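Engineer: Chain by chain, the residues:
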Amino acid sequence: DQQVKQNSPSLSVQEGRISILNCDYTNSMFDYFLWYKKYPAEGPTFLISISSIKDKNEDGRFTVFLNKSAKHLSLHIVPSQPGDSAVYFCAASARSGAGSYQLTFGKGTKLSVIP
Amino acid sequence: DSGVTQTPKHLITATGQRVTLRCSPRSGDLSVYWYQQSLDQGLQFLIQYYNGEERAKGNILERFSAQQFPDLHSELNLSSLELGDSALYFCASSVGLAGEQYFGPGTRLTVT
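The listed protein sequences derive, respectively, from chains A and B.
For the first sequence, this note's numbering gives the first residue as 4, with consecutive numbering after it.
For the second sequence, this note's numbering gives the first residue as 116, with consecutive numbering after it.
Check each hint, because a few of them may be wrong.
What the hints assert, rightly or not - Derived lysine to aspartate or glutamate pairs resembling EDC-like cross-links, with alpha carbons at most 16 Å apart:
no., chain 1, residue 1, chain 2, residue 2
1, A, Lys57, A, Asp34
2, A, Lys8, B, Glu197
3, A, Lys110, B, Asp155
4, A, Lys113, B, Asp155
5, B, Lys124, A, Glu45
6, A, Lys71, A, Asp58
7, A, Lys57, A, Glu45
No wet-lab data here; the hints were simulated from the structure.
Everything numeric in this text was worked out from a predicted model, so none of it was measured.
Just chain B, with the same shape it has in the complex (with noise of 0.2 Å):
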């Protein structure tokens, strides 16, 4: 157990949707960061929050947005759904800006 939580495990939802991710970092983590893994590909970096600030930005797509809250938790929010989004999303934390980062269980989403 990393000390990472994703919430939910699993979602299912349709095209044009709107849905939302949640993390809690480990106990003392500043950084959390949002990744996405489609089929056959690796882990893609999206957006990285250190203490409640944006960071770093990857290839998160305009319709993707994130949030980290004073109690250091953070959401990903997905919007106008597509087919193509559905993926394994993790969340990472990690002490401050760099270093190793420790993963959540991740949150499948399908999109039908």
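The following block holds chain A by itself, in its conformation from the complex (with noise of 0.2 Å):
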């Protein structure tokens, strides 16, 4: 069962637009939610999270918004540019046992960002 759902495989966007990314969970003891990046041979990138106490985060060009009763998270670009193609991860955080929090993460979406 996934907790963590990103149900578009993949994204087109042209160049200079906004491009959203979009998450949905299931798990409401999530409290966490961050954003990586990954180009292919390399390891994810952190970008943007947030805490489940916020419902907005800005960072540059990127802002993550969270709906917490929709159980819905998403990732805006604005604008697009095609250094941003690649696929991006949505991960969820919940304490697990001993203290520690663990990620879940999203199967990904493919960001496609045409010139």
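Grab the two chains, each in its own frame, and use the hints to assemble them into the complex.
Structural biologist: Here it is as structure tokens:
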């Protein structure tokens, strides 16, 4: 049972326009959410995060929105650039045993930004 | 460059064999995490160590084991390898028990 779902395997956007990547989760114990970007042959790179006590977090061209009632978060990239073309993973964190927090990842959305 | 290093980059081995993957965390990070990414799958959490102690376990097979050494580097041991163990194995590290994790470049394991 997937607790973190990214229902769009791929997304194509024109350069300069907005990219919106979506993520849904089912576990109400998740209290911290992260987005990672991954280029081929590299490890995932941390992009931006949001705590469950907030509904928005912004960092430059990247903004993450959290709708707790809908158990939905989204990543907005404005304006999109060709270098943003990568696979984006949504991840959610919940406290596990011994005080640590385990990340659960979605399967990723491949973003292609067309020049 | 995340500061997390993993060796080797590629590994090809036969079924039934045993391999060891190595990870060095970022300087100052005490937590190390291991993930498996199979074809068309997301990252599956395997296990976490914090300052030498096991802290959390995910869907890690009994054939797999890990440890974190006093210098904080970690090793993931995979034994009695099967074809289905072919995957990318990522190591990540974080300062504490929670928060952002920083990933290494991964080790691609191919079992033939």
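Engineer: Now tell me, hint by hint, if it's right for this structure.
Structural biologist: Hints, verified against the model:
1. A:Lys57 x A:Asp34: holds, 10 Å
2. A:Lys8 x B:Glu197: violated, 28 Å
3. A:Lys110 x B:Asp155: Holds. A:Lys110 to B:Asp155 sits at ~7 Å (cutoff 16 Å).
4. A:Lys113 x B:Asp155: holds, 12 Å
5. B:Lys124 x A:Glu45: Distance ~10 Å between B:Lys124 and A:Glu45 Cα, so the pair holds.
6. A:Lys71 x A:Asp58: The hint holds at about 8 Å.
7. A:Lys57 x A:Glu45: violated, 30 Å
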